[in-house]
Every structure is written in C-alpha cells, then in structure tokens.
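Student: With the hints as your guide, set chains H and L onto chain E.
Chains as they are written, first to last, in this note's numbering: chain E, 1 to 284; chain H, 1 to 245; chain L, 1 to 336.
Possibly wrong hints are sitting among the right ones.
[Stated by the list, open to error] Simulated crosslink set (DSBU-like; lysine-lysine; CA at most 30 Å straight-line):
| id | chain 1 | residue 1 | chain 2 | residue 2 |
| --- | --- | --- | --- | --- |
| 1 | L | 323 | H | 87 |
| 2 | H | 155 | H | 70 |
| 3 | L | 168 | L | 91 |
| 4 | H | 111 | L | 323 |
| 5 | L | 120 | H | 91 |
By construction, these hints were calculated from the structure, which means they are not laboratory data. Just so it is clear, the structure is predicted and the values come from calculations on it, not from any experiment.
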Amino acid sequence: MVVQLIVSGLLLGGVYALISIGLTLIFGVLDVVNFAHGEFLMLGMYVAFWLFSLFHLDPYLSLLIVGPLLFLVGLFVGRTVIRPTIGATSAVQIFATVGVSLIMMNGALVLWKADFRSVPTSYGSGTIALGPIYIGYPQLMSFLGAILFSAMLFPFLKYTYLGKAIRATAQERRAAMLMGIDIQRVYVFTFGIGIGLVGIASALLAPIYSIFPSVGSQFVLVAYVAVVLGGLGSVPGAILGSLIIGITETFSGFFISPGWRQAIYYAVFILVLIFRPQGLFAQK
Amino acid sequence: MIVEAKHITKRFGGLLALDRVSFEIRSNEILGLIGPNGAGKTTLFNTMTGFLVPEEGSIQFQGHEVRGVKPSDVCRMGIARTFQLVKPFGKMTVLQNATVGALCRTNNTRKAREAALEELQFVGLYDKRNVLASALTISQRKRLEIARALCTRPKLILLDEAMGGLNPIEVREMLHLIEKVRGAGNTLFIIEHIMAAIMSICDRIIVLNHGVKIAEGMPKEVGSDPQVIKAYLGREYVVAQNRKP
Amino acid sequence: MKDSGKIKWIDLIRRDTEFSFSLLGILVLAVAIGFVRNPFHLDILIMILLWGMLASSWNIAGGYAGMFSLGHGAFIGIGAYMSSMLFIHFKLSPWLGMIIGAVAAGIVATLLGYICGRLKGHYFALATIAFVELANISGVQLKELTRGSEGLTIPFRPGWANFMFQDKITYAYIGLAFMAGIYFLSLIVERSKLGYYLVALREDEDAAKSLGVDTSRIKMVAIGISGFFAAIGGTFYAQYILFIEPDTVLSFAFSVQVALVTIIGGMGTALGPIVGSFLLTPLSMLLRAYLGGGLSGLHIVIYGMLLIIVVLFLPEGIVNTMKAHLKKDITGKEIG
Chain E
1 MVVQLIVSGL LLGGVYALIS IGLTLIFGVL DVVNFAHGEF LMLGMYVAFW LFSLFHLDPY
61 LSLLIVGPLL FLVGLFVGRT VIRPTIGATS AVQIFATVGV SLIMMNGALV LWKADFRSVP
121 TSYGSGTIAL GPIYIGYPQL MSFLGAILFS AMLFPFLKYT YLGKAIRATA QERRAAMLMG
181 IDIQRVYVFT FGIGIGLVGI ASALLAPIYS IFPSVGSQFV LVAYVAVVLG GLGSVPGAIL
241 GSLIIGITET FSGFFISPGW RQAIYYAVFI LVLIFRPQGL FAQK
Chain H
1 MIVEAKHITK RFGGLLALDR VSFEIRSNEI LGLIGPNGAG KTTLFNTMTG FLVPEEGSIQ
61 FQGHEVRGVK PSDVCRMGIA RTFQLVKPFG KMTVLQNATV GALCRTNNTR KAREAALEEL
121 QFVGLYDKRN VLASALTISQ RKRLEIARAL CTRPKLILLD EAMGGLNPIE VREMLHLIEK
181 VRGAGNTLFI IEHIMAAIMS ICDRIIVLNH GVKIAEGMPK EVGSDPQVIK AYLGREYVVA
241 QNRKP
Chain L
1 MKDSGKIKWI DLIRRDTEFS FSLLGILVLA VAIGFVRNPF HLDILIMILL WGMLASSWNI
61 AGGYAGMFSL GHGAFIGIGA YMSSMLFIHF KLSPWLGMII GAVAAGIVAT LLGYICGRLK
121 GHYFALATIA FVELANISGV QLKELTRGSE GLTIPFRPGW ANFMFQDKIT YAYIGLAFMA
181 GIYFLSLIVE RSKLGYYLVA LREDEDAAKS LGVDTSRIKM VAIGISGFFA AIGGTFYAQY
241 ILFIEPDTVL SFAFSVQVAL VTIIGGMGTA LGPIVGSFLL TPLSMLLRAY LGGGLSGLHI
301 VIYGMLLIIV VLFLPEGIVN TMKAHLKKDI TGKEIG
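Pulled out of the complex, with its shape left as it was, chain E reads as follows:
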C-alpha cells in the first residue's frame, strides 16, 4: 500500500515538476512572481482539448504544438506586460501578472463557458500492473514526458549560449549586462521558456484532468509550494520539491480529508517561507 502511494506520488510529482520548473525559472531569472502561471496551464489544456475535439489529435502528439504555441504566447506576454515591470515595485509586478491572470481566466469563461471539458483518449483510464502496483497509463506517460523535457532542459541551460546567458542573468544581473548579454531579451525568452514548459505539461495533463477556466489555480498552488520547498530559482530544487509534494498529496489524500489537505500545503508554505526561505535543499 505504502509503495503504491509512493509510486503514484512520484508520478504525480513528475508532472508538477514541469509546471514548477517554469515557475522557478521565471522567478530565478526575472525575480517576478508569476501569478498567471496556472492560467497558462489552463490555456494549454484548452488548446489540447480543441486539437483533440476538432482534429482528433492525441495530446501526446499535440504537445509538440501546444508547447511551442505557449512558448510564443509567453514571449508575447513577457514582452508586453512582464518586461516593463522588471525592477518596479512588488506591487506593480504582482498586479501586472494578477491582471494577466484575471484576463485569461475570465476570457476563457467568456469564450468557452464554465462547463467541464475532457479529453477522453482511448487509453484514458488504462492501467499497467507492475506486480502489486498499479500505474495509470496516462500518469506514466505524463511522468515520462516530464522527465524527458526536464532532461532536455539541463543540457540546454548548460551548453547553449542562451542557456548560459539565462544562468548568468539569474546569478548576477549586473555582471551579465557588463558581459554584453542583452538582459531584456533574456528576460523575455526565459518567460517564454517557462510558459512553454507549462504548455507541455498542459498537454500531458489533458487526458487526466477535467478542463475548465479555473483549473489552473489548483495546480499553481502546488507549484508554488514545490518551488518554495526547493528554493526559488533552483531547477533541481523545483523537481525535488514537486516529487515531495506529489508523495505528500497521495499520502494525505489517503489519511486526511481533501478539504484540509490544501490547508496543509498553505501551512507548509508559510513555514518554509519564514524559517527556510532558501528552500530545504539550499547550501547557503
């Protein structure tokens, strides 16, 4: 039983990781809290839904469309709304992304109504049995997809020019400027990448969860807790944090009523912020 919970938790955590990585990247490089992160997830899920409904495109394939599409959306929002607020007061930054969040969530409500949509793929509720453990097929695919794309991120950050530019900007903004790195572009690109990752996550999640305008809010809370646990700005931290949250969620779902479960997240969140703001794993 415990093993089952752990395995399910890890699978869940894997998907949260894709969402969290984007969030921590954006925070680490731009120093902006993206309140609209969940809404981009929602947008991606709707796109995956429409691609499925209209063109019968399997989400695991359409992620190749949704990912890049959301990347472009991220570039656009990053350029128009986010970039001008960098360096401004917290109030300005927070409300810029809150504004984006409001527009997206209610825009979806207006355009697509509040009805729950779903992407009923043929393998939707299929499970694989590994001995006594049951693994949901779509959950497994999500997890593998998450690992795949996270793995692709590391060499990108390490070896490509843009990746290095991103890391440099995250570590020491002024030095990066002096080195000739165009920080403004780094900001916009990083935001785009963060949202692109969310796009991939959304396509992976589409077969599993119902889709409705405020679906993003639930996921974004989890992403925040994972990111804070892992240390804001740390990609490995976000991954670890997400896995921990995933396991916590499956365990507490088992032992605690769903109503209070979220309360635990929030409480942990506050406690980590107060006592260990650099995250559980930071060396500093």
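Tutor: Just chains H and L, lined up with the frame of chain E:
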C-alpha cells in the same frame, strides 16, 4: 574613552571576517579605519550598530554593552551611522528625511521638524529642505545622511565612506563638514579610501586587513608602517609621500 | 506629507488644501446622499463607501508601510463572521460584535506581522496569500460554526441596536461616517511620528533602523491597525448584505480587490483609496450589471486590462501622479 572594543570576531560560514579585533575610541577624536576591500571595515561597523552580531567579543559604549543590541536601540544609546551606498528615503523631502532622525528624541513632530531644520542648516542643505531626496546629487545625499544621523543627537558617529564618489571639491567640503561635526562635540569613526583625506583629518588610524587589525596609531606612523604599505598603501604611496616637500 | 505637531483644526483648514477639499467633499456627499432616490444608485454608493473604507484600512499597512498584503480578506472575514455569529448565537448587538471582531482581527493581524515581519516584498505577499487561503479553508471546514460554504444568513431584524435598517440611506450615512473616520485617521497618522516611521520603514528599512525606528514593532502596529479597521468594514458588509460566505469575505478575491483599489487610487496617501473606490466600484458594478448576464466574466476581463494599463502607465496611482504634477506647477520647484 567612549568605546572599548575587545576581541570582536565575526564569521560568515567558513569565512572569518573579523578576527579578534580590539580597539578603543577616545572622546571627541576622529578615528580612521582603513584597509583593502573586503578587510572587514563595514562588517565592523555593522557589529557596532547591531546589524550583525559578532560570535565573540564585547563592545562597550560609555560603559554599556552594545554587542547584540538591535539597531534602533543602538541609535537611542547614542551611536549613529551612515551607509556606504547612501540610503535616502526617496519619496520624502530632505526635511522629512531629517525629521525621521529627530523623532528619535521626541514624539512631537513639530519639535522634530525644528531640530531637523537646525541640522540641515548645519550641513548646508537648508535651501534644499523641500526637495525630494531622490532628486539630490550624490554629494547632497551624503550630507543628508549626516544631517539625518546628527538629528538623532548621537555621541558617536560612524561614517562609512562619506567621500566615496565625490569630486575633489566635494571631498574638501566634506572634510570641512566632518571637522565641523567634531567641533560640535561629536566623536567620529570613519571608513575611507581617500588617503590624503584620511591622513589629514584623523587623529588616529586603525588598519584592517583580512579581518585582522594590523596597525594602529597616528597617521604618520601608520602611513610608514611596512605592513600597512605592503597590505594596502603600496610602495607608490610611500614614494609619493617622500617626494612631498 | 505635511506635519504640524499637535493638530489645530482651524489651522488645518486654512493651510492644508487636501484637508479642506476632503472636508468639503464629505459634506457634499452627505447632502447628496439625501437626494439619491434610485435604490440601485444608492447600492452603488454604499459599496463605494464600503470599499473606500476597506481600501483605506489596507492602505495603512500596504500603502504607508509598504507591507504589501494580499491576505486582508482574512481580517474582513474575521470581522464579518465574529459579529454575525455573536449576533445569531448570542443575540449580541452587532455594534458590540463589530468591536469584538475588530479587536480579534487586530490581534491576528499583529501576530501575522510578527511572524512574517522579516519577509520582504513578494515573499511577504505570498505568505499573506497562504494566510487568507488558510482562513478560507477554515471557514469552509468549520461547518458547525460558520455553516461552511453554504454561507451564513443574518436574520433581518431592523433596528439601530441590531445595526440593520429598512432604508438604504441610513446605511449610506453610516458608511460615509466610517469611511470619513478612517480617512481622517489616516491623515492624522500621516502627520504623526508613526506616519513618518511607516514611510521611513517602507523607503529603506535599514536606514530607518539606524535612525531609531524599531521596524519590527512598527510593522506589527501598522498591520494591527490595518486589520482592525478591515474587520470593521467586514461587519458593515455583513450587516448590509446580510449574507456572508467564505468565498466572499474570507477570500483571496476580496484581498486583491482592496489592494487593487488602493493601488489605482494611490498608495500611501489618505485620499488614494477613496478616489480608487469612487472610480472602480461603480465601474465594476456597472460592468457586471450590463455585461455580467450573458457574457459572464467579461467585466472582469475589462477589469484586468484596466489593471494592467494602470499598473504599467500610472504605477504611482491617480492621486500621487496628480500631486506630483500639481506641486510642480504651483511652486515651480520640486516638492515632496
């Protein structure tokens, strides 16, 4: 003697920023603090004003222990400080900035305002009293920091690179102001990099290198101390000094 | 910000333009209320006053002290629920319940200020969000006390003792009194030692500390006062709407709203939240009325766009931007 510091030690993880630094500050003197970057000068200021707590050592100010006391209480005890990178209250006027300092000693805003106006006169910022602090030049901001600190009626003032970023004329004006502050009965402990300035104005100088006090004494002694020359001043300085008539 | 030691009201009127205009404005409003007949218009006016008072309370911590809270819904909710539960279960007059609720909220707020005092900028904001969500969940889960997500209906028994009235006009006058009260309180604080310390804290915490400002204590005072008055607004809300639920009074949405109104109107200035409310409240209510029905959510889309535009182009808020312009014109030189 108004400050007696013994064996101040401060660690940041594995880094020993201050290593058993001991010194004293005498009443109404201007004591200089010099040393290469990273020597621990600002760290020392921070331990004296409650922004950092040293692991070991004691700092006695007029007979009271200052180590571990929080910054706002240190101010009330009579130690004021300025910051290396000036910290004006940007959205307040010059007068309002100074008034904040004066409110340390009174609850009445009118009285505080009057005291603030006096100090602004003293440092020469009276004409700018209604200007937003964010609109001031660097030299004016430095003077505002001093005025603000003076408003708290301190007995000891710690100036952290008050002359940093100033052109030669402004440096001379600042020197003049510092002397004026001392003349009004204050005691000053100043960090500086501009050698000519510090040599000319200080009664005594302490030299820090890698968290260790390597010299202490009158400017001339310190200036010709081989250890100091090696660590900080450099031979060119000595040559330049010896060339002077 | 001007200062005058002890307040002499006559001097204030003579010297302080802002004060005199506001006094005039309040008198005009008081008279105007008597002339409004349309119940919908009265409703809008009352909501303007309510949000004006709520935003003003937020402004004390968020605007003056820079403690950007997105959790004020918790304090509003504490006020609303305490006075309502005390009325329903113990027949206690909501006036008393309001004070009790406000004190409770003030204490909770002070505790929050103590716990989260060290957090800066968006970290603090994030912590307050978690806090209000915790409050929300508690409100939903503690069904025996609060009736959970069903919400609490306050039985309508009109009368002064019960803080409930048949006619809306009385609510409007009370709302005006409350809002004016907090406004004048803000003015007094602005000119007092506390006011100076709040702004110093906001502008540069380290410099403030070095000048004798006990910043941790000031933060607690600021948010304590802020929470206290937010709760009073919460009770007023409960007594007017006569129905409260966690998704309104204990919500992140309300928390965003109070901050929003203040930001657009102008943070750190007494008039800001009021101007903000006069602008935004009718806008959102009218938008909801005309667009809400068929295209549910469109009004919030417009709201969000307005928010972004203001935040990008008028980050200081309306009142502060106007003040900056005015000061330049009148005196010719820069004035704070």
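Student: Sort out which numbered hints this structure fails and list those numbers smallest first.
Tutor: Nothing - there is no hint that the structure violates, so all of them hold.
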